[in-house]
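Novice: Chains as they are written, first to last, in numbering that gives the first Met the number 0: chain D, 0 to 482; chain W, 0 to 482.
All clues given are correct.
In this list, chains with the same sequence are indistinguishable; a pair is considered to hold if it fits within one copy or across any two.
With a straight-line cut-off of 25 Å between C-alpha atoms, the simulated SDA-like cross-links for lysine to any residue are: (1) LYS61 to VAL397; (2) LYS340 to GLY111; (3) LYS452 to ARG441; (4) LYS452 to PRO442; (5) LYS44 to LYS399; (6) LYS131 to ASN86; (7) LYS46 to VAL393.
Just so you know, these hints were derived from the structure itself, not from any lab.
2 protein chains.
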Amino acid sequence: MIKSIKESPLYRIANARSMAFFGASNNIASMGTHLLMTVLAGGFKGKIYPVHRKENRVQNLKAYVHVADLPEAPDLAVIVLPTSVVNQALEDCGRKGIKQAVVVSGGFKEVGDQGAELEGALKEIAALYDMKILGPNCLGVANPHRNINTTFVPNEGTPGFVGLSSQSGSFVTQMFEYLSGFGLGFSTAFSVGNEAVLDIVDCMEYLGKCPHTKVIALYIEGIRRGRAFMEAARAIVPHKPIVAYYVGGSKAGKAAGLSHTGAMAGPDELYDGMFRQTGIIRAGSVEEMFDFCWVLGALPTPEGNRVVIQTHSGGPGAAAADACGRAGLALSTLSQETLEKLGPFVPSTGSVGNPVDLTFTKDYHSFFSNIPQILLAEENADILMVYLMSPQSVVERVLKGMGVSDEVVLEQGRIIYESNAEQFSQHLKRQQKPIVGYTFHRPGAQIMNEVIKRGVPVFQGAERAARATAALVAYAKVLNRET
Amino acid sequence: MIKSIKESPLYRIANARSMAFFGASNNIASMGTHLLMTVLAGGFKGKIYPVHRKENRVQNLKAYVHVADLPEAPDLAVIVLPTSVVNQALEDCGRKGIKQAVVVSGGFKEVGDQGAELEGALKEIAALYDMKILGPNCLGVANPHRNINTTFVPNEGTPGFVGLSSQSGSFVTQMFEYLSGFGLGFSTAFSVGNEAVLDIVDCMEYLGKCPHTKVIALYIEGIRRGRAFMEAARAIVPHKPIVAYYVGGSKAGKAAGLSHTGAMAGPDELYDGMFRQTGIIRAGSVEEMFDFCWVLGALPTPEGNRVVIQTHSGGPGAAAADACGRAGLALSTLSQETLEKLGPFVPSTGSVGNPVDLTFTKDYHSFFSNIPQILLAEENADILMVYLMSPQSVVERVLKGMGVSDEVVLEQGRIIYESNAEQFSQHLKRQQKPIVGYTFHRPGAQIMNEVIKRGVPVFQGAERAARATAALVAYAKVLNRET
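Chain D with its partners taken away, still in its complex shape:
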């Protein structure tokens, strides 16, 4: 177990100050070129040394015929070469004194016996030169806090709090856009590939010590070092939640994982047991993994599992109640005091049970301020779940009807949404109770964006909101078990 982040073998990979680049050229069709272009587009501040046999300049950078010619031994070598020449390049890096490498090239253990032999040789080189290698058959690392991104996809999002250690590179690159749609981003994300030298456990330990990481996500096809994994998880979970999606449990997932990274999947029960014993929260899909990360990273842990639902209309309230029931959450019984306080704010056609149903109230101030305040003070409720609905077309129509000109309607709308969201989030800050939103608005709807920006997760549909809330409750239980 590492004691500080600087002890991690991944430290100078995720925080490289300079890079040698193998396999990038001026040919836009090559994968290596794309990776280098991503590094450049990401605004990496350090020196980059492309190594190329023929070109003098690669992507407007001075290129070197041989790594031995470099003026220094850079922190990291990024290697995107044909399989057959990878080991030679690593050997050269070792001689130069480069201590860290990301090997993107595939064609190793995952393709069969011949590849496995090459991978064996790669490990020998790593041992000989004490070289920390991520991969092969990986996409490396994205650390937006340091403008580092060795993948081929530019990171659209802002630096965030989700740490990822993944046995699939796609769940790094494809998630840049996906997460930024929710206003989320990676703290640091690792694609571990075949794990010839560094593995998912090393990355998890790094993320455990990473100050930007509030929650750790693991995409697992198979764990090689079971004991080390459990030891690391046990040390991290009391301070930082871990969410895992294990794909190898089903027969189909197992077979697919094997051909992907050559990982050996174990029986589902084995993994389920490991997760339960260490307090790792298990997700049933990639989407769910990041949903869980969202609430776990953004919200305080609740005291219990009692939810109060606030809604504009009956159907979404009933659907949320049903989803909470299925997810193992309880609905709070509201106290007499709360019912009395709510009275003046609920129209005669509304309902002061739980869900609290405001039936299409047009009093947005109460909806975003008075009512959440009352419900968060309810001693029988641990969590507030709120249905967010504010059709832009209707808001714009009201403004136009009030004589507001077309030009200022959008601006006025924004001000309304901002002020609603601001009132709402004030309660989150004051109370140590989690607020979870759900909606059927499209991602990107103004009211959602404004609320999300202020730290309240908003899910599409009650089912996802309830499942994520249940994950938050599960983590709270793990923490209580620890003490």
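With the hints as your guide, set chain W onto chain D.
Specialist: Same frame as chain D, now just chain W:
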């Protein structure tokens, strides 16, 4: 059972040629005004007669002091008045000879004994004048094929093939935006409210005969006429799939539904039995209900449950295999013939198992044309599931790298996406096998839009894609059982 759509008591509600409007005014803060504005904004072609005690004109339409003054008995009365005066207005409509009404006003059975009494009186008026009433406590009807929308939210989407009969008005209005995000839309959607006269079964029968409706969605809090429901479902299912989300099965959902529309929910097993016996496909949430409608309305039914997965990269392939396994789908074993045909198209780092993994191929033509063609011809596969990934930023970078100017990059990108999607959809048309896409792109990503536009459903994440595919397989089984 009705024999044609014109026999339905809902026909002149969903296809009204003229309306009397009660409760709309020139006050933008009133709900009735919003409903009328939505009707107008929707481009309703028929005559509208606002009834208002004081105003001469309402929203630029000639208004009438009393419904008796109208120059004709319009097809439909839309009533958005205070609860206490609703029955008087209905009585007046009856005397005028109006045979259809939508009562939006709430405050009836759902609020307790006094409201139940008012609702009893409403039913008597309906019986006396042989008046077909939708509601009370509902949002009426949206039939975009006839520019009819009596709800307070404008319908952003285009007319579509999903018919909805819903015990929640929100699942009409909130779904306009939601469905249009997937390129979907309603054929006709009914909000049934308290079902004093017309109920969810009547609406289901209407949709069964509606030529625009390819699939029927039911949001159910409680069925009052169990036998009629089953009879209608049995008659419809062999010709048109029905998907139901029943919210009343859990204790929490049941309590919430009761306060919403006064519906009496029954035990979950009872409903589950009804659904199974009649061949209705059951969904676990509103989102899932519309996911199921998408595949059922857009795709041919498969011969069996054997899926072949085509992917760019290992992780999404493994996640799809896992999701298929959990959803009860099987993975095809590819025949020798298929493996041989695939050979030339799969890079050495790829995998020709199932999932078929093209590992970041840049050969988009094969990905969208040759490979799907080969996989659809595989006799061991009933369904093709494809991972769609085409980061816009990378495509734009390639184009810029090829010397394309910034201005034409977007246009060129669109052409590429269009041609890929076009090739892809040609296979769907030629083969009678369903193709289901999944992605982690945000809704609205170009490649998704182009593919969706051509009739291939694309889901966010493998889990939703697999669950929807399983619903398609379940419907195919129902059809086989029938014959």
